[in-house]
Amino acid sequence: MRKRNKLILVLLMAGLLMYTLQVSFTTTYLAIGDNTPDLMLIFTAFVGLRLGPTPGSLAGFAAGFLQDVLIQFYGLYTLCKTVVGFCARFFLNRRVLLVEKYYFPFVVFSLSLFHDAAFYFVQTLGSRLEWAPLFWRLAMPNALYNLVVAYLLWMALPRRWIEYVRYDVQYDF
Amino acid sequence: MYWQIRNYVSGFFEILATYRSYLLFLLLIVLAVLLLQTNRNPQIDFLRRRIMGVTTDLAWRFGGLVHGTQDREAIERLERRNMDLARQNILLEDAYLENIKLRHLLRFQERFPLKTQPAAVIMRTRSIDRNTLVLDRGERDGIRTNLNVINDRGLVGKVIETSPEYSVCRLMLDRSFRVAARIQRTRLNGIVYWLGDANEVGFYGVLKNLDVRLGDVVLTSEYSEYFLPNFRVGVVTSVNNEVAGLFKDIRVRTSADFNTLEEVFVVMDTVKELSSGRDFEKNFFGEE
Numbered sequence: 008m009r010k011r012n013k014l015i016l017v018l019l020m021a022g023l024l025m026y027t028l029q030v031s032f033t034t035t036y037l038a039i040g041d042n043t044p045d046l047m048l049i050f051t052a053f054v055g056l057r058l059g060p061t062p063g064s065l066a067g068f069a070a071g072f073l074q075d076v077l078i079q080f081y082g083l084y085t086l087c088k089t090v091v092g093f094c095a096r097f098f099l100n101r102r103v104l105l106v107e108k109y110y111f112p113f114v115v116f117s118l119s120l121f122h123d124a125a126f127y128f129v130q131t132l133g134s135r136l137e138w139a140p141l142f143w144r145l146a147m148p149n150a151l152y153n154l155v156v157a158y159l160l161w162m163a164l165p166r167r168w169i170e171y172v173r174y175d176v177q178y179d180f
Numbered sequence: 207m208y209w210q211i212r213n214y215v216s217g218f219f220e221i222l223a224t225y226r227s228y229l230l231f232l233l234l235i236v237l238a239v240l241l242l243q244t245n246r247n248p249q250i251d252f253l254r255r256r257i258m259g260v261t262t263d264l265a266w267r268f269g270g271l272v273h274g275t276q277d278r279e280a281i282e283r284l285e286r287r288n289m290d291l292a293r294q295n296i297l298l299e300d301a302y303l304e305n306i307k308l309r310h311l312l313r314f315q316e317r318f319p320l321k322t323q324p325a326a327v328i329m330r331t332r333s334i335d336r337n338t339l340v341l342d343r344g345e346r347d348g349i350r351t352n353l354n355v356i357n358d359r360g361l362v363g364k365v366i367e368t369s370p371e372y373s374v375c376r377l378m379l380d381r382s383f384r385v386a387a388r389i390q391r392t393r394l395n396g397i398v399y400w401l402g403d404a405n406e407v408g409f410y411g412v413l414k415n416l417d418v419r420l421g422d423v424v425l426t427s428e429y430s431e432y433f434l435p436n437f438r439v440g441v442v443t444s445v446n447n448e449v450a451g452l453f454k455d456i457r458v459r460t461s462a463d464f465n466t467l468e469e470v471f472v473v474m475d476t477v478k479e480l481s482s483g484r485d486f487e488k489n490f491f492g493e494e
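Residue numbers (this note's numbering), protein chains in the order written: chain A, 8 to 180; chain B, 207 to 494.
Honestly, the hints are just simulated from the structure, not real lab data.
Since the model is a prediction, treat every value here as computed from it, not as a measurement.
Careful, some of the hints might be misleading.
Once the Cα atoms are required to be at most 25 Å apart in a straight line, the calculated SDA-like pairs of lysine to any residue come out as [claimed, not checked]:
id: 1; chain 1: A; residue 1: Lys10; chain 2: B; residue 2: Ser227
id: 2; chain 1: B; residue 1: Lys478; chain 2: B; residue 2: Pro324
id: 3; chain 1: B; residue 1: Lys307; chain 2: B; residue 2: Leu320
id: 4; chain 1: A; residue 1: Lys10; chain 2: B; residue 2: Thr224
id: 5; chain 1: A; residue 1: Lys108; chain 2: A; residue 2: Trp161
id: 6; chain 1: A; residue 1: Lys108; chain 2: A; residue 2: Tyr158
id: 7; chain 1: B; residue 1: Lys488; chain 2: B; residue 2: Asp422
id: 8; chain 1: A; residue 1: Lys13; chain 2: B; residue 2: Ser227
id: 9; chain 1: B; residue 1: Lys307; chain 2: A; residue 2: Gln79
id: 10; chain 1: A; residue 1: Lys13; chain 2: B; residue 2: Leu230
id: 11; chain 1: B; residue 1: Lys478; chain 2: B; residue 2: Gln315
id: 12; chain 1: B; residue 1: Lys478; chain 2: B; residue 2: Thr351
id: 13; chain 1: A; residue 1: Lys10; chain 2: A; residue 2: Arg167
id: 14; chain 1: A; residue 1: Lys13; chain 2: B; residue 2: Ala223
id: 15; chain 1: B; residue 1: Lys307; chain 2: A; residue 2: Leu136
id: 16; chain 1: A; residue 1: Lys10; chain 2: B; residue 2: Leu230
id: 17; chain 1: B; residue 1: Lys307; chain 2: A; residue 2: Gly133
id: 18; chain 1: B; residue 1: Lys307; chain 2: A; residue 2: Thr131
id: 19; chain 1: B; residue 1: Lys307; chain 2: B; residue 2: Ile250
id: 20; chain 1: B; residue 1: Lys307; chain 2: B; residue 2: Asn405
id: 21; chain 1: A; residue 1: Lys13; chain 2: A; residue 2: Tyr26
id: 22; chain 1: B; residue 1: Lys488; chain 2: B; residue 2: Ser430
id: 23; chain 1: B; residue 1: Lys307; chain 2: B; residue 2: Gln294
id: 24; chain 1: A; residue 1: Lys108; chain 2: A; residue 2: Trp168
id: 25; chain 1: B; residue 1: Lys488; chain 2: B; residue 2: Asn305
id: 26; chain 1: A; residue 1: Lys108; chain 2: A; residue 2: Arg167
id: 27; chain 1: B; residue 1: Lys307; chain 2: A; residue 2: Leu132
id: 28; chain 1: A; residue 1: Lys13; chain 2: B; residue 2: Arg226
id: 29; chain 1: B; residue 1: Lys488; chain 2: B; residue 2: Gly421
id: 30; chain 1: A; residue 1: Lys10; chain 2: B; residue 2: Arg226
id: 31; chain 1: B; residue 1: Lys478; chain 2: B; residue 2: Val423
id: 32; chain 1: A; residue 1: Lys10; chain 2: A; residue 2: Trp168
id: 33; chain 1: B; residue 1: Lys307; chain 2: A; residue 2: Ser134
id: 34; chain 1: A; residue 1: Lys13; chain 2: A; residue 2: Leu164
id: 35; chain 1: A; residue 1: Lys10; chain 2: B; residue 2: Ala223
id: 36; chain 1: A; residue 1: Lys13; chain 2: A; residue 2: Gly59
id: 37; chain 1: B; residue 1: Lys321; chain 2: B; residue 2: Thr368
id: 38; chain 1: B; residue 1: Lys307; chain 2: A; residue 2: Arg135
id: 39; chain 1: B; residue 1: Lys321; chain 2: B; residue 2: Tyr372
id: 40; chain 1: B; residue 1: Lys321; chain 2: B; residue 2: Arg359
Using the sequences and the accompanying hints, generate a full structural model.
This is the structure:
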C-alpha cells in the first residue's frame with residue numbers, strides 16, 4: 008500500500024476514534040461546567056498543521072459535518088472547522104519545529120478562539136444576546152481547555168506516531 | 207486551431223493544479239454555506255433577511271446601469287413599486303403566520319388550568335451535550351429555578367438559571383436531563399432521558415415482561431422531584447426487547463417539536479395536586 012493511502016486510512020481511523028471519544032467520553036467525563044474540550048478541533052488543527060491546507064480543510068469539513076449532525080444545525084461547525092483546517096498551515100514556522108510540543112497547543116488555542124468566535128457570532132445572529140459576553144464566558148475557557156488537552160495529547164502520543172503524520176512531497180496532497 | 211485549444215486546456219489545468227488547495231477550500235466553503243441554507247432557525251432567517259436587504263439595496267442602486275436608453279424613470283418607478291409590494295407581501299405573510307400562532311398560544315393559556323408565564327425564546331444554545339434555551343423572562347417576572355417549562359404540545363424542560371431579565375431553560379433534549387414518567391395506559395413508571403436524537407427520548411426502567419405498546423402516551427409522574435405530574439412527554443414509537451439487561455429499550459417521540467420552539471410557557475405553580483386530576487393531560491392538544 009502506498010504511504011499516502013496508508014496515511015489516509017490512519018487519519019480516517021484516528022478521526023473516527025476522536026469523534027467517538029468526543030461523543031461518548033469528553034462530554035460525560037471531561038466537562039467542567041459548560042466547557043468541554045473539542046477533540047475534533049484539535050484533530051483538524053493537527054491535520055492542517057502537519058499536512059497542509061488541503062487535507063486540513065477536508066478533515067475540518069468532515070469533522071464539522073459529523074458534529075453538525077449531532078446538533079442538527081447543518082453547516083455551522085462544517086464552515087468553522089473547514090476554515091480552521093485551512094488556516095492551521097499558516098501557523099507553521101520551521102524555526103519552531105524544535106519546540107513543537109509547546110507550539111501546537113498555542114496553535115490550537117488560537118484556532119479555537121477563532122472557531123468559537125465565528126460559532127457564537129452565528130449563534131447570536133437575530134437574538135438579543137451579545138456576542139462579547141458569550142465569547143468571554145464560553146469561548147475563552149474552551150480555548151484554554153483545548154490548549155491543555157492538546158498539550159496532554161501531544162505528550163501522550165508516541166513520538167513515532169506524530170512523526171508519521173508529516174508533510175512530505177511524496178504524499179502528493 | 208487544435209493547438210490553440212490544447213494550450214488553453216493545458217493552461218486551465220495548470221491553473222487548477224497551482225491553486226487547487228484554494229479552489230478546494232472555496233468549494234468546501236460553498237458546500238458548507240449550502241448546508242447552512244438548509245436550516246430553518248432564527249439565526250439563518252436573520253441572515254437571509256439581511257442578505258435580501260443588501261442585494262435589494264444594491265440592485266436598486268446599480269440596476270439602472272444596464273437599462274441603457276430605456277425609459278429609466280418608468281422602470282425605476284415600477285421597480286420601486288414591485289419592491290414595496292414584495293416587502294408588504296412578506297410582512298403580511300409573516301403577520302398572518304404570527305397571528306395564527308399567537309391565537310393558538312392564547313387559547314392554550316386560557317384553557318390551561320395552571321398559572322403560566324409566556325416567554326419568547328431569544329436564543330438557543332446547541333452543543334453535543336447541552337441544549338438550552340434563553341428566555342426573555344427573568345426574576346422580575348417571578349421566574350425561579352426548577353420551574354417547569356412547557357408549550358401547547360407538552361413538556362419542554364425546566365428553568366436552571368435566572369437573571370433579572372432572562373432565564374435559561376434546560377431542554378428535555380439535554381444529556382443531563384432526567385424526569386420520572388409513566389405510561390398513561392398501564393401506569394408503568396420509568397425515567398425519561400435524552401439519547402442524542404432530535405425530538406426523541408428514551409424511557410428507561412420497564413421490565414421486559416411488562417406491557418408497553420407503540421402509541422402509548424408517556425406523561426410525567428408524581429415521583430418527580432421538580433416536575434408536576436401529567437405533563438405530556440410524548441408517544442412511544444419503538445419497543446425493543448432484544449437488548450442486554452432487564453429492561454426494554456423504549457423510544458419516545460416528544461410531543462413538543464424542539465426544532466421550531468419560539469414561544470414557551472413557564473409554569474408558575476409548583477403544587478403537584480393542581481395537575482394530578484384525571485384527564486389533565488388533555489389540556490395539551492386540547493383543540494385536536
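Each hint, compared with the structure:
1. Lys10(A) x Ser227(B): 21 Å, holds
2. Lys478(B) x Pro324(B): Holds: Lys478(B) and Pro324(B) sit about 20 Å apart, inside 25 Å.
3. Lys307(B) x Leu320(B): The hint holds at about 21 Å.
4. Lys10(A) x Thr224(B): Judged against 25 Å, a Cα distance of about 23 Å means the pair holds.
5. Lys108(A) x Trp161(A): Within the cut-off at roughly 6 Å; holds.
6. Lys108(A) x Tyr158(A): 7 Å, holds
7. Lys488(B) x Asp422(B): 14 Å, holds
8. Lys13(A) x Ser227(B): Holds. Lys13(A) to Ser227(B) sits at ~21 Å (cutoff 25 Å).
9. Lys307(B) x Gln79(A): Given pair Lys307(B), Gln79(A) holds - Cα atoms ~24 Å apart, limit 25 Å.
10. Lys13(A) x Leu230(B): 22 Å, holds
11. Lys478(B) x Gln315(B): With a Cα-Cα distance of about 19 Å, the restraint between Lys478(B) and Gln315(B) holds, given a limit of 25 Å.
12. Lys478(B) x Thr351(B): Roughly 17 Å between the alpha carbons, so the hint for Lys478(B) and Thr351(B) holds.
13. Lys10(A) x Arg167(A): 15 Å, holds
14. Lys13(A) x Ala223(B): 23 Å, holds
15. Lys307(B) x Leu136(A): 24 Å, holds
16. Lys10(A) x Leu230(B): Judged against 25 Å, a Cα distance of about 22 Å means the pair holds.
17. Lys307(B) x Gly133(A): Distance ~20 Å between Lys307(B) and Gly133(A) Cα, so the pair holds.
18. Lys307(B) x Thr131(A): Holds, because 24 Å separates the two Cα atoms, which is no more than 25 Å.
19. Lys307(B) x Ile250(B): Holds - the C-alpha atoms of Ile250(B) and Lys307(B) are around 20 Å apart, at most 25 Å.
20. Lys307(B) x Asn405(B): Status holds; Cα separation ~20 Å.
21. Lys13(A) x Tyr26(A): Holds, because 20 Å separates the two Cα atoms, which is no more than 25 Å.
22. Lys488(B) x Ser430(B): 20 Å, holds
23. Lys307(B) x Gln294(B): With a Cα-Cα distance of about 20 Å, the restraint between Lys307(B) and Gln294(B) holds, given a limit of 25 Å.
24. Lys108(A) x Trp168(A): Holds: Lys108(A) and Trp168(A) sit about 14 Å apart, inside 25 Å.
25. Lys488(B) x Asn305(B): Between Lys488(B) and Asn305(B) the Cα gap is close to 24 Å, so the pair holds against 25 Å.
26. Lys108(A) x Arg167(A): Holds. Lys108(A) to Arg167(A) sits at ~14 Å (cutoff 25 Å).
27. Lys307(B) x Leu132(A): Satisfied, since the Cα-Cα distance of roughly 23 Å is no more than 25 Å.
28. Lys13(A) x Arg226(B): Cα-Cα ~22 Å, so holds.
29. Lys488(B) x Gly421(B): Holds, at roughly 16 Å.
30. Lys10(A) x Arg226(B): Holds, at about 21 Å.
31. Lys478(B) x Val423(B): OK: Lys478(B) and Val423(B) at ~20 Å, within 25 Å.
32. Lys10(A) x Trp168(A): Holds: Lys10(A) and Trp168(A) sit about 14 Å apart, inside 25 Å.
33. Lys307(B) x Ser134(A): 20 Å, holds
34. Lys13(A) x Leu164(A): 19 Å, holds
35. Lys10(A) x Ala223(B): The given pair, whose Cα atoms are some 22 Å apart, holds under the 25 Å limit.
36. Lys13(A) x Gly59(A): Within the cut-off at roughly 17 Å; holds.
37. Lys321(B) x Thr368(B): 19 Å, holds
38. Lys307(B) x Arg135(A): 21 Å, holds
39. Lys321(B) x Tyr372(B): Given pair Lys321(B), Tyr372(B) holds - Cα atoms ~19 Å apart, limit 25 Å.
40. Lys321(B) x Arg359(B): Answer holds: Lys321(B) to Arg359(B) is near 17 Å, not above 25 Å.
Violated hints for the displayed structure: none, as all numbered hints are satisfied.
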